[in-house]
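In order, the protein sequences belong to chains A and B.
According to our numbering, the first sequence holds residues 267 to 393 in order.
According to our numbering, the second sequence holds residues 1203 to 1563 in order.
Honestly, the hints are just simulated from the structure, not real lab data.
For every residue, glycine included, the Cβ atom is placed at its ideal position computed from N, Cα and C.
Among the hints, a few may not be true.
With a straight-line cut-off of 30 Å between C-alpha atoms, the simulated DSS-like cross-links for lysine-lysine are [unchecked claim]:
hint: 1; chain 1: B; residue 1: Lys1439; chain 2: A; residue 2: Lys315
hint: 2; chain 1: B; residue 1: Lys1482; chain 2: B; residue 2: Lys1372
hint: 3; chain 1: A; residue 1: Lys315; chain 2: B; residue 2: Lys1261
hint: 4; chain 1: B; residue 1: Lys1552; chain 2: B; residue 2: Lys1494
hint: 5; chain 1: B; residue 1: Lys1424; chain 2: B; residue 2: Lys1332
hint: 6; chain 1: B; residue 1: Lys1458; chain 2: A; residue 2: Lys377
hint: 7; chain 1: B; residue 1: Lys1458; chain 2: A; residue 2: Lys366
hint: 8; chain 1: B; residue 1: Lys1510; chain 2: B; residue 2: Lys1424
hint: 9; chain 1: A; residue 1: Lys377; chain 2: B; residue 2: Lys1283
hint: 10; chain 1: B; residue 1: Lys1538; chain 2: B; residue 2: Lys1419
hint: 11; chain 1: B; residue 1: Lys1260; chain 2: A; residue 2: Lys356
hint: 12; chain 1: B; residue 1: Lys1439; chain 2: B; residue 2: Lys1552
hint: 13; chain 1: B; residue 1: Lys1458; chain 2: A; residue 2: Lys345
hint: 14; chain 1: B; residue 1: Lys1560; chain 2: B; residue 2: Lys1261
hint: 15; chain 1: B; residue 1: Lys1261; chain 2: A; residue 2: Lys338
hint: 16; chain 1: A; residue 1: Lys345; chain 2: B; residue 2: Lys1278
hint: 17; chain 1: A; residue 1: Lys377; chain 2: B; residue 2: Lys1482
hint: 18; chain 1: A; residue 1: Lys377; chain 2: B; residue 2: Lys1260
Chain A stretches covered by chain B per the calculated footprint, using a threshold of three residues with CB under 8 Å from any CB of chain B [as the list claims (entries may be wrong)]:
hint: 19; stretch: 361-368
hint: 20; stretch: 373-380
hint: 21; stretch: 384-390
Examples of chain B residues lying across from chain A (beta carbon under 8 Å, computed) [as the list claims (entries may be wrong)]:
hint: 22; residue: Thr1271
hint: 23; residue: Ile1448
hint: 24; residue: Ser1471
hint: 25; residue: Thr1506
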Amino acid sequence: MGFKDIIKAMTFGDKVLILLLSVITVLSFYYVKVIFPEGAEASIEIEGKARGSYLLAEDRMIEINGSLGTAKIEIKGGKIRVIRAPCRDKICMKEGWISKAGESLICLPNKVMVYITGEARYDAISW
Amino acid sequence: MHKDFSAKIMSNVKAQSSNYFDIWILKFGFNKIRLGLFIIPVLILLILSCAKEPPIFKKSKFLMDTVVTITAVGTKDEVEKVIDATFSEIERLENLMSGFKEGSDVDRINKSAGIGPVKVNRDVINVIAKAKEISEITGGAFDITIGPLSKLWGFGVKKEYIPQEDDIKKLLPLIDYRQISVDESKSEVFLNKNGMMIDLGGIAKGYAADRGVEILKNMGIKAGIVAVSGDIRTFGKRPDGKAWHIGIKHPRESEKVLTAIDLEDSSISTSGDYERFFIKDRRRYNHILNPKSGYPATGCQSVTIISKEGILVDALATGVFVLGTEKGMEFIESNKSIEGIIVDSKGEVKVSSGLRGKVGL
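Excised from the complex, chain A in its bound form:
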């Protein structure tokens, strides 16, 4: 007996069940992405070296020492921002919250980079 016999032996219900489960399998790939969206994690780098990765789902405060001084970073409600920076222009603070994959906060004088990991919507941003 071979594969054909198994197919023959199946009832209509079995076939429907297989089809249904296959559809669920395919859909689950999509739903996993929705339930665990990409970009749910932020990475912090100082002078090109990884300082750590943080889940955006957990609210917290992070203090980091850049090349200029201490910066304070806040994670709240799935978003991240710089709330205190030792630099003069505070450009990273003015940028506000970021939350989407590929977005970043950069403090040039302090050589600190905060970015959301995951597959970004854009390959690069011109500014």
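Based on these hints, arrange chain B on the given structure of chain A.
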């Protein structure tokens, strides 16, 4: 239903029990077959999703007073060394072209202004020669001899400083690209007047992007992006066969993207009044200075230029910004190889004819 299914298979098993498959069925039971039927499509999907296109590796570094991000198609193991070599090349260019670094080629040229010609690296000759060309075609809207004015205003150095009008006027005669003498055969540069200063801030990043791409290609990378802050050069295609998808920053809403565009083997650069600015007495003072007036150019909020070469788009984004919305768009339209997007001073978006339908607005 289940009973029925099992019974049918059972009868077949009895009939052909010599078959290996049948023995397997007897050993492990019928439910396994059914399970197998469900597992097969799952496995196929898993294999499909794992054996997808080669990955993209991205790395950033603080260089040229900004962040340089290099993207290359390949795994980390394959491309990281090549990316690091590219960073080194960009660092070398920075050391030649930075006006703030003591002993750089640009520093030496500036210190010898009005005194004598200076022998410089070939890359510096290339950039200055190209800068003069772009000054020529933009009627002086882009001009690297802006140095003395940049220093006076001190964007990024001094805090909210508006110079005296007299001080600005005194410097205007020093702002003239025609007063740069370039001797390509001797690899020498001379600034004819005492007090002249060149500032390659509006063109060196684009050149670095070009050089970066050259190195990546020479070292076997098939596709990628070199982004020196917002001066971006792309080559090849994404692993999924699509063009690189590049966002353009919104000039007023920093968290937003104005629009996006797909690029293959071309460069894009944006100049905006939001990059470095301060507001005093309800007036916005941005870092892009008009070489003719000595004051910040106010005709646009942002200008994006798209063309083949990085060096060209970098300098033209500044040049067109200075020209303003109307003259700027006229310039873009008169040049077949250049496309652009201008956000005027009121926030209205103008798109060049070659880009219509290619950008979602």
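Going through the hints against the structure:
1. The suggested pairing of B:Lys1439 with A:Lys315 holds, with an alpha-carbon distance near 29 Å, which does not exceed 30 Å.
2. In summary, the hint linking B:Lys1482 to B:Lys1372 is supported, as the alpha carbons are separated by about 23 Å, within the 30 Å threshold.
3. Under the criterion of a C-alpha separation no larger than 30 Å, the hint pairing A:Lys315 with B:Lys1261 is consistent with the structure, at around 11 Å.
4. The hinted pair formed by B:Lys1552 and B:Lys1494 meets the criterion: a straight-line CA distance of about 25 Å does not exceed 30 Å.
5. For the proposed pair B:Lys1424 and B:Lys1332, the alpha carbon gap of about 27 Å is at most 30 Å, so the pair holds.
6. For the proposed pair B:Lys1458 and A:Lys377, the alpha carbon gap of about 24 Å is at most 30 Å, so the pair holds.
7. Distance hint between B:Lys1458 and A:Lys366 is fulfilled; the C-alpha atoms sit about 11 Å from each other, no more than 30 Å.
8. Taken as a hint, the B:Lys1510 and B:Lys1424 pair is honoured in the structure, with Cα atoms around 17 Å apart against an allowance of 30 Å.
9. For a cut-off of 30 Å, the pair hint linking A:Lys377 to B:Lys1283 stands: about 22 Å separates their Cα positions.
10. A hinted pair counts as satisfied when its Cα atoms are at most 30 Å apart, and B:Lys1538 with B:Lys1419 qualifies at roughly 27 Å.
11. With a C-alpha separation of about 26 Å, the suggested pair B:Lys1260 and A:Lys356 falls inside the 30 Å cut-off, and the hint holds.
12. Restraint check for B:Lys1439 and B:Lys1552: the C-alpha separation of about 28 Å stays at or below 30 Å, so the hint holds.
13. With a C-alpha separation of about 15 Å, the suggested pair B:Lys1458 and A:Lys345 falls inside the 30 Å cut-off, and the hint holds.
14. For the suggested pair B:Lys1560 and B:Lys1261, the alpha carbons sit about 29 Å apart, so the restraint of at most 30 Å is met.
15. Between B:Lys1261 and A:Lys338 the alpha-carbon distance is near 24 Å, which keeps this suggested pair within the 30 Å criterion.
16. With a C-alpha separation of about 28 Å, the suggested pairing of A:Lys345 with B:Lys1278 holds against the 30 Å cut-off.
17. Restraint check for A:Lys377 and B:Lys1482: satisfied, since their Cα atoms lie roughly 29 Å apart, inside the 30 Å limit.
18. With a CA separation close to 18 Å, the supplied pair A:Lys377 and B:Lys1260 stays within the 30 Å bound.
19. With 4 residues having a Cβ less than 8 Å from any Cβ of chain B, the stretch 361-368 of chain A passes the three-residue criterion, so the hint holds.
20. Counting residues of the stretch 373-380 of chain A whose CB lies closer than 8 Å to any CB of chain B gives 3, so the stated coverage by that chain holds, three being the minimum.
21. By the rule of at least three residues with a Cβ nearer than 8 Å to a Cβ of chain B, the coverage given for the stretch 384-390 of chain A holds, with 4 such residues.
22. A cut of 8 Å between beta carbons decides the hint on B:Thr1271: the least distance to chain A is about 7 Å, and the hint holds.
23. A hinted interface residue such as B:Ile1448 counts as satisfied when its beta carbon comes closer than 8 Å to some beta carbon of chain A; here the least separation is about 5 Å, so the hint holds.
24. Evaluation of the B:Ser1471 hint against chain A yields a held restraint, the C-beta minimum of about 6 Å falling below 8 Å.
25. Because the smallest distance between the Cβ of B:Thr1506 and any Cβ of chain A comes to about 6 Å, under 8 Å, the interface hint for this residue holds.
In this structure, none of the earlier numbered hints is contradicted; all agree with it.
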